[in-house]
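**Q** Fit chain B to the given chain A structure using the hints.
Residue numbers (my numbering), protein chains in the order written: chain A, 1 to 302; chain B, 1 to 168.
These aren't lab readings, by the way, just hints derived from the structure by calculation. Virtual Cβ for every residue (Gly too), placed ideally from N, Cα, C. Careful, some of the hints might be misleading.
Claimed, not checked - Below 30 angstroms or equal to it, Euclidean Cα-Cα: the simulated DSS-like pairs (lysine-lysine) are:
#, chain 1, residue 1, chain 2, residue 2
1, A, K179, A, K45
2, B, K154, A, K260
3, A, K37, A, K145
4, A, K53, A, K145
5, A, K241, B, K163
6, A, K260, B, K25
7, A, K146, B, K163
8, A, K37, A, K179
9, A, K53, A, K241
10, B, K154, A, K145
11, A, K179, A, K53
12, B, K154, A, K146
13, A, K260, A, K179
14, B, K25, A, K234
15, A, K260, A, K146
16, B, K72, A, K260
17, A, K38, A, K53
18, A, K260, B, K163
19, A, K45, A, K145
20, A, K145, B, K163
21, B, K25, A, K241
22, A, K260, B, K44
23, A, K38, A, K187
24, B, K150, A, K260
25, A, K146, A, K241
26, A, K145, A, K179
27, A, K45, B, K163
Claimed, not checked - Some chain B residues judged to face chain A by a derived CB distance under 8 angstroms, without partners named:
#, residue
28, R59
29, D127
30, Y160
31, D162
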Amino acid sequence: MIAHRILLAAALLALPGVAQAQFPNIGGLVKGVQNVKKLGDSLRKIPEPEEIKLGGDLASIILGAAPLVQDAEKQRYVNRVGRWLALHSDRPDLPWQFGVVETDDVNAFSMPGGYVLISRGMFDQMRNEAELAGVLAHEIAHVAKKDHLGALQGSLRNAALGDFTEYVGGSGGIGGAFKSALINAGKDMFARGLNHDDEYDADRMGVVIAARSGYSPYGLVGVLQTLSAAPEEKGYALMNKTHPLPVDRIERLDRAMGTKFDTVTAVVEDLPSFVALRAAPAPAVKSTPARAPARARSRRRN
Amino acid sequence: MRRCAAILLAAVLLCRVTSAEAAEKGQILRAGDLLAQPFIDAAKSGPVTANQPVTILERRGAWASVEAGSTKGWVRLLNLRLEAGAARPGATRPGGIASLRTGSSGRTATTGIKGMDEEDIRNATPDYQELELLGTLAVTADDARATAQKAALKENTVAYLDKGRSRK
Numbered sequence: 001m002i003a004h005r006i007l008l009a010a011a012l013l014a015l016p017g018v019a020q021a022q023f024p025n026i027g028g029l030v031k032g033v034q035n036v037k038k039l040g041d042s043l044r045k046i047p048e049p050e051e052i053k054l055g056g057d058l059a060s061i062i063l064g065a066a067p068l069v070q071d072a073e074k075q076r077y078v079n080r081v082g083r084w085l086a087l088h089s090d091r092p093d094l095p096w097q098f099g100v101v102e103t104d105d106v107n108a109f110s111m112p113g114g115y116v117l118i119s120r121g122m123f124d125q126m127r128n129e130a131e132l133a134g135v136l137a138h139e140i141a142h143v144a145k146k147d148h149l150g151a152l153q154g155s156l157r158n159a160a161l162g163d164f165t166e167y168v169g170g171s172g173g174i175g176g177a178f179k180s181a182l183i184n185a186g187k188d189m190f191a192r193g194l195n196h197d198d199e200y201d202a203d204r205m206g207v208v209i210a211a212r213s214g215y216s217p218y219g220l221v222g223v224l225q226t227l228s229a230a231p232e233e234k235g236y237a238l239m240n241k242t243h244p245l246p247v248d249r250i251e252r253l254d255r256a257m258g259t260k261f262d263t264v265t266a267v268v269e270d271l272p273s274f275v276a277l278r279a280a281p282a283p284a285v286k287s288t289p290a291r292a293p294a295r296a297r298s299r300r301r302n
Numbered sequence: 001m002r003r004c005a006a007i008l009l010a011a012v013l014l015c016r017v018t019s020a021e022a023a024e025k026g027q028i029l030r031a032g033d034l035l036a037q038p039f040i041d042a043a044k045s046g047p048v049t050a051n052q053p054v055t056i057l058e059r060r061g062a063w064a065s066v067e068a069g070s071t072k073g074w075v076r077l078l079n080l081r082l083e084a085g086a087a088r089p090g091a092t093r094p095g096g097i098a099s100l101r102t103g104s105s106g107r108t109a110t111t112g113i114k115g116m117d118e119e120d121i122r123n124a125t126p127d128y129q130e131l132e133l134l135g136t137l138a139v140t141a142d143d144a145r146a147t148a149q150k151a152a153l154k155e156n157t158v159a160y161l162d163k164g165r166s167r168k
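For reference, chain A alone in the conformation it holds in the complex:
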């Protein structure tokens, strides 16, 4: 009997106008049918536009915790490097968006659909553009491998498919229930991190993406060395909690890289444009006094 009702509803769904006219209560019936279906294991297989929408909501969480650095030149520079790298990944056609967020804490995040955010604290620690490329390429690898969708799967498996469909349609209402579940699942993911194996895999993929794009694949190694020597301070706490130990990541990269990149010599460590970008004074920003970049630069010259 239930099966019959589902079939009927499915058939009527194909002709919504007709159905509404003949059965005024069809809305309630359809809702009931949709709610019995769960999202299940299909999150990794959702179409690209849905993935991008989902990624945008997750990116807005990080942006809610730390806004974008108000320096359009720096943001565009990072976008150009990031987009160039992403063109050498398995998903070159996503609408990639990169940003530097205003916090001293050292971290980097990515989201489904091509969103990558790195902290200013991390940006300031980089020795050269190859290190920036290394971090961005690692994050690009997570997106290309759909690691986040895998991580979110567990939390959202029991969400109703109907809610998800409404969420995608953007009509609010039922979609709002899915959205708040998504925001909570996203916060959990950022706080707990991805699987450690996903991190090691992203390291290996990231160094290749960097080398394909003309950057030294050892940029990421340099960043990991910086992290491995970092003092135990609050600014590194979340990064450390959500990633394998930097020394373990270096050791795994050592195993995988060996001398394989010795023949890849058409790579750069740094570019004059990156040196100039870092030397440029931060633009005056209203209502954000005591900006750390200026502090860092004055120390560097001492």
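**A** Okay, now just chain B, sitting in the frame of chain A:
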């Protein structure tokens, strides 16, 4: 023209400052020989032992130039460990401004310096205005290609890596 020269000069000076300050301390991971050149078949310039302290003079791709006692030479970057607690000289360190922080979230209303720990993320309200701004800062693939070409970045054909074998 004069402006170009000035920029170039500034860049050169900056490079010098950077390299002078890049003297980092580290340790050798596995015993072996320092090499005279950053190549696998270069002449040996002296032995180093595991855990031997070194000063890193320069990084070049897979290699780092180091000073170990009276011996100078090149070692694989992946055969180096940076000295713990010795974050890069000159780099901003989150802890360097710790004294300016207050409260459990490490924030103050007066300094504008923000941390982003687990608590901050859990308490965050999604910011869709910033998301929109992020979208406006994105560049097209053509823009990225043109910039890379101008910077003379070369594309390489490199296969993805397998996990490799342990040295142990």
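**Q** So, for every hint listed, does it hold in this structure?
**A** Hints, verified against the model:
1. Among the hinted pairs, K179 of chain A with K45 of chain A is consistent with the structure: their alpha-carbon atoms are about 18 angstroms apart, no more than 30 angstroms.
2. Taking the CA atoms of K154 of chain B and K260 of chain A, the gap is near 18 angstroms; set against the 30 angstroms cutoff, the hint holds.
3. Taking the CA atoms of K37 of chain A and K145 of chain A, the gap is near 27 angstroms; set against the 30 angstroms cutoff, the hint holds.
4. Proximity of K53 of chain A to K145 of chain A is assessed by CA-CA distance (about 17 angstroms); at most 30 angstroms being required, the pair is judged to hold.
5. For the hint pairing K241 of chain A with K163 of chain B, the CA-to-CA distance comes to about 23 angstroms; that is within 30 angstroms, so the pair holds.
6. Of the pairs offered as hints, the one joining K260 of chain A and K25 of chain B holds, with about 27 angstroms between alpha carbons and a cut-off of 30 angstroms not exceeded.
7. The straight-line distance between the Cα atoms of K146 of chain A and K163 of chain B is roughly 19 angstroms, inside the 30 angstroms bound, and the hint therefore holds.
8. A distance of roughly 17 angstroms separates the Cα atoms of K37 of chain A and K179 of chain A; the hinted pair therefore holds under the 30 angstroms criterion.
9. Pair hint K53 of chain A plus K241 of chain A holds up; C-alpha atoms about 27 angstroms apart against a cutoff of 30 angstroms.
10. Distance hint between K154 of chain B and K145 of chain A is fulfilled; the C-alpha atoms sit about 25 angstroms from each other, no more than 30 angstroms.
11. As the CA atoms of K179 of chain A and K53 of chain A are separated by approximately 11 angstroms, the hinted pair is consistent with the 30 angstroms bound.
12. As the CA atoms of K154 of chain B and K146 of chain A are separated by approximately 28 angstroms, the hinted pair is consistent with the 30 angstroms bound.
13. Simply put, K260 of chain A and K179 of chain A have alpha-carbon atoms about 45 angstroms apart, too far for the 30 angstroms limit, and the pair is violated.
14. Taken as a hint, the K25 of chain B and K234 of chain A pair is honoured in the structure, with Cα atoms around 23 angstroms apart against an allowance of 30 angstroms.
15. As the CA atoms of K260 of chain A and K146 of chain A are separated by approximately 27 angstroms, the hinted pair is consistent with the 30 angstroms bound.
16. A distance of roughly 25 angstroms separates the Cα atoms of K72 of chain B and K260 of chain A; the hinted pair therefore holds under the 30 angstroms criterion.
17. Taking the CA atoms of K38 of chain A and K53 of chain A, the gap is near 19 angstroms; set against the 30 angstroms cutoff, the hint holds.
18. Restraint check for K260 of chain A and K163 of chain B: satisfied, since their Cα atoms lie roughly 12 angstroms apart, inside the 30 angstroms limit.
19. Between K45 of chain A and K145 of chain A the CA atoms are separated by roughly 12 angstroms; this keeps the pair inside 30 angstroms, and the hint holds.
20. Proposed proximity of K145 of chain A and K163 of chain B is supported: the alpha carbons are some 16 angstroms apart, at most 30 angstroms.
21. For the hint pairing K25 of chain B with K241 of chain A, the CA-to-CA distance comes to about 26 angstroms; that is within 30 angstroms, so the pair holds.
22. A distance of roughly 21 angstroms separates the Cα atoms of K260 of chain A and K44 of chain B; the hinted pair therefore holds under the 30 angstroms criterion.
23. At roughly 22 angstroms between alpha-carbon atoms, K38 of chain A and K187 of chain A fall within 30 angstroms of each other, so this suggested pair holds.
24. A distance of roughly 28 angstroms separates the Cα atoms of K150 of chain B and K260 of chain A; the hinted pair therefore holds under the 30 angstroms criterion.
25. Of the pairs offered as hints, the one joining K146 of chain A and K241 of chain A holds, with about 21 angstroms between alpha carbons and a cut-off of 30 angstroms not exceeded.
26. Straight-line distance between C-alpha atoms of K145 of chain A and K179 of chain A comes to about 23 angstroms, which keeps the hinted pair within the 30 angstroms bound.
27. In summary, the hint linking K45 of chain A to K163 of chain B is supported, as the alpha carbons are separated by about 26 angstroms, within the 30 angstroms threshold.
28. The restraint placing R59 of chain B at the interface with chain A holds, with a minimum CB-CB distance near 7 angstroms, inside the 8 angstroms limit.
29. For D127 of chain B, the interface hint holds, since its Cβ comes within 8 angstroms of a Cβ in chain A; the closest pair sits about 4 angstroms apart.
30. The interface hint given for Y160 of chain B is met, as the beta carbon of that residue sits about 5 angstroms from the closest beta carbon of chain A, less than 8 angstroms.
31. Here the hint on D162 of chain B is kept, as its CB sits about 7 angstroms from the closest CB of chain A, short of 8 angstroms.
Checked against the numbered hints above, the structure violates only hint 13.
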